[in-house]
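Asks: Chain order of the listed sequences is Y and S.
Counting from 1, one number per residue, gives the positions in the first sequence under our numbering.
Counting from 535, one number per residue, gives the positions in the second sequence under our numbering.
Worth flagging that the hints you see were computed from the coordinates, not collected in a lab.
Backbone N, C-alpha and C fix where the C-beta goes; we use that ideal spot for every residue, glycine too.
Hints may be right or wrong, so weigh each one.
[As the list claims (entries may be wrong)] These stretches of chain Y come out as covered by chain S in the derived footprint (C-beta under 8 Å, 3 or more residues):
#1 77-86
#2 154-163
#3 311-317
#4 493-503
[Claimed, not checked] Examples of chain Y residues lying across from chain S (beta carbon under 10 Å, computed):
#5 THR40
#6 ASP71
#7 GLN215
#8 ALA242
#9 GLY287
#10 ARG373
#11 VAL463
#12 PRO465
#13 LYS507
#14 GLU510
#15 VAL520
#16 ARG521
#17 GLY525
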Amino acid sequence: MTISLAVFLAFVASTLAITYWAAKRSRGASAYFAAGRRITAWQNGFAVSGDFMSAASFLGLIGLIALQGFDGILYSVGGFVAFVTILLVVAEPLRNIGKYTMGDVLAYRLRPRPVRALAALTTLTSAMFYMIAQMVGAGALVNLLLADSGITYNMAVVGVGALMIIYVIFGGMLATTWVQIIKAMLLSACALVLTVLVLKHFQFHLIDFFAAASQIVFHQQGHTVIRDFLQPGLRYHPPHGALDLISLSLIFAFGTAGLPHILVKFYTVPDAKTARHSVVWAMVLIGSFYVMTTILGLGAAIVIGPDSILAHGGTNMAGPRLAQALGGDIFLALVSAVAFATILAVVAGLMISASTSFAHDFWINVVHHGRERAPGESVLVARMAALVVGAASMVIAILLGPTSNVLILATFGMAVAASANFPVLALSIFWRRFTTAGAVAGLSVGLLAALALIVAGPAVMGVDPPGVTGAARHLVQAQPWFPLENVGIASVPLGFLAAIAATLLGKEPEAERKFNELIVRAHTGLGAEKAAAH
Amino acid sequence: MNRTAGASSHDKSDPTQWDRIAESKEFKDLVAVKKAFIIPGFIFFFGQYLGLNLLVGYAPRVASVRVVGTINVGYLIVLLQFALGWLIAALYSLIAAKFDALTKDILARVDHGERAD
C-alpha cells in the first residue's frame, strides 16, 4: 500500500514538474493547443498510445477476457484495427488540412459555423463518455487498494479530476503529451512484466497455458460450469450475439478514427510524414499491448478464476489482482500506480481535446466568427472550458458509482465518434459533392442515433431480479427496445446515410469549388500549418 | 509563434493555382499511386476483420476447431489480424517514401516564393 502510494506520488510529482516546465515554454495558441507542432515521430507514437491505452483497455479489457474469454479478446483486436484506418486514411490529410481540431477539416470548404458548432458538440459528447469511464476506473482502483486508508471513491474521482485540470490548464498540449509518453512507457513495461509472470507461472510452456485456459471452472446460476475460454460464445450468444459482434467491429473500425482526442495528436507533429511515422510507432506499441492483454485476461481467468474476480472487486480489478497473485503486494502496488497514471494521462488528453474544440470551434469560430477579440482569448476560453468539463465529469462519475464497467462506457464514446464524426470526416475529404447540409445531417443524426439506441438498448434498459441494487441495476426497468448493446450496426450506417441523403438534396457550388484546394493540400501538404520556429 | 490561419498568402494571390495543381498529370499520378495501395490494403485488412467477426458470430464451431494444443482457429486469426496490421504499416511506410518523392516534384513545380522549408 505504501509502495503504491509512493510510486503514484512519484508519478504525480514528475508530471507536475513537466507541467511547470511546459507552462514556462508555452506561449500562444499553437503552443498551447498543439505543443508548437514540434513533437517527433516516436514521441507522438508513444503519446498516441498513452492517449489510447486507457483504464478501459488495461482494467476493463483484462476483466472482460477473464470473465468472457474469447469474446473479450475480440475487444483487444478491435482496439488495434482502427489504427489501420488512421494510418491509411485519416492522419496525413488531417495534419495537412487542419489546425487544432477535427472541426477545422470539416469546416474547410463547408460553411463553418453550423459545422463547427456540431463538431464541438460531438467532440464534447464522446470525450465526456470516455472521461467518465476513466474516472470511474480511478475511483474503483482506490476502492480496492486503499479501502482502509480512508480515501473513498468520491475523493479519488475528485483528486484525479483536480490533477488533470492542473495539467491541462497550466501545461496545455505539451505537458499532456509528455505525461502520455511517460505513462505509455510505464504501462507497456508493466504489461510486459505481468505477461512474463503469467507465462512463467506455466514454465513458459504456451501449450500448457492455453490448455489451462480451456478448462476454466466457475459457477453460473448455482451450477458448476467448465468452459473453454478460447471458444467464442460467452458474451455474444444467440439470438442477437452475431449481430452485436458485427456492430462492435464497426464501432472499432471507424470509431477510433473519429475520436477527437486521438485526432488532435496529429496536429502536434511538424508535418504529415511525421504524423505517418508516429502512427506506425503507435501501432507497434498498441498492437503488442493488446496481444499481451489476451494473455493477461486468460491468465486472470486461470490464476484467480471468474468466481473470485466477481466476488472481490469486480471485472475492473482482475488485472491488479492478477499482479498481486503473481508478484505479491509490491507488484500489486506498482500495477495499481501505473493504472492510476494511465487514467491521469488519458483524462488529460480527453480534457484538452474537448476544451480545445469548445474554445476554437465553438467560441472563436461560431460565436465570434473566427476572430479573437483580445490576444490569447482562445487559450483563456479553453482553460475555462477545461475547468467546467472537468467538474461536470467528476459529478457524473460520482453519480454513476464504482461498479459501472469502464470498457463499456468507453465503447459508448467510441460509438458516438464512429457514427457522427467518422462518416462526415471521411466524406468531406473524399467526396467533391459533399455539402454543409450533409455534414450537419451526418453529425446530428449520427450523434442522436448513437445516443438514442444506447438509451433504448440493454445497457440502460432491462428487467432486474429484485436482489439487484445500486449501479448494477438497470436505469430503466423495462424490456430494451433495441436488442443490441453495440449500436454501431445501426448508427454508423444512419450517420452515413443522413450525410449522403442531405447532400444529394441540394448543391453547394462554393464547397465543390474548394474541393481541389482541399485535396491538393491534403495530398501535398502545401500551405499546411508549420512547426513553431522556437 | 502564433499563426493566424492555415491558408497562406499565395492562395489569395493566385486562386487558380489549386485547380492547376489538381488537374496536373503529376498530381493525378500521385493520387493514383496512393489509391492503388490504400484501397486494396484497406479492403483486404477490414475484409479479414469482418471475416473474423462473421466467423465467430455465425460459425463459432469452426472458430473453435483446435489447431495446436487447445489453441483454436479463432485465436490464430486474432493473432493473424495483428500481424497483418503490422505488415500493412510496414509496407505503407516503405511505399509512402515514393509518395513523398512524387509530392516533392509537385511542390518543386509550384511557383512559391515563401515556402519556409
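Asks: So, for every hint listed, does it hold in this structure?
Replies: Taking the hints in turn, this is what the structure says about them:
Under a criterion of three residues with beta carbons nearer than 8 Å to beta carbons of chain S, the stated coverage of the segment 77-86 of chain Y is upheld, 6 such residues being counted. Here's how the segment 154-163 of chain Y fares: 0 of its residues keep a CB closer than 8 Å to some CB of chain S, so the rule of at least three is not met and the hint is violated. Given a C-beta distance limit of less than 8 Å, the hint that chain S covers the segment 311-317 of chain Y is violated, as 0 residues qualify and 3 are needed. Check result for the segment 493-503 of chain Y against chain S: violated, 0 residues qualifying (beta carbon to beta carbon below 8 Å, three or more required).
Among the interface hints, the one on THR40 of chain Y is violated; its C-beta lies about 16 Å from the nearest C-beta in chain S, farther than the 10 Å criterion. This hint holds: ASP71 of chain Y has a C-beta 8 Å from the nearest C-beta of chain S, less than the 10 Å allowed. The beta carbon of GLN215 of chain Y comes within 9 Å of a beta carbon in chain S, closer than 10 Å, and the hint placing it at the interface holds. For ALA242 of chain Y, the interface hint holds, since its Cβ comes within 10 Å of a Cβ in chain S; the closest pair sits about 3 Å apart.
Hint status for GLY287 of chain Y relative to chain S: holds, with the closest Cβ pair at about 5 Å, below 10 Å. The beta carbon of ARG373 of chain Y comes no nearer than 14 Å to any beta carbon in chain S, farther than 10 Å, and the hint placing it at the interface is violated. Taking 10 Å as the C-beta cut-off, the interface hint given for VAL463 of chain Y is violated, the closest approach to chain S being about 26 Å. The restraint placing PRO465 of chain Y at the interface with chain S is violated, with a minimum CB-CB distance near 28 Å, outside the 10 Å limit.
For LYS507 of chain Y, the interface hint is violated, since its Cβ never comes within 10 Å of a Cβ in chain S; the closest pair sits about 19 Å apart. Using the Cβ-Cβ criterion of 10 Å, the hint placing GLU510 of chain Y at the interface with chain S is not satisfied: the shortest such distance is roughly 12 Å. Taking 10 Å as the C-beta cut-off, the interface hint given for VAL520 of chain Y holds, the closest approach to chain S being about 5 Å. Look at ARG521 of chain Y: its Cβ gets to within about 8 Å of chain S, closer than 10 Å, so that hint holds up.
Look at GLY525 of chain Y: its Cβ gets to within about 7 Å of chain S, closer than 10 Å, so that hint holds up.
Consistency with the previously given hints fails for numbers 2, 3, 4, 5, 10, 11, 12, 13, 14, ordered from lowest to highest.
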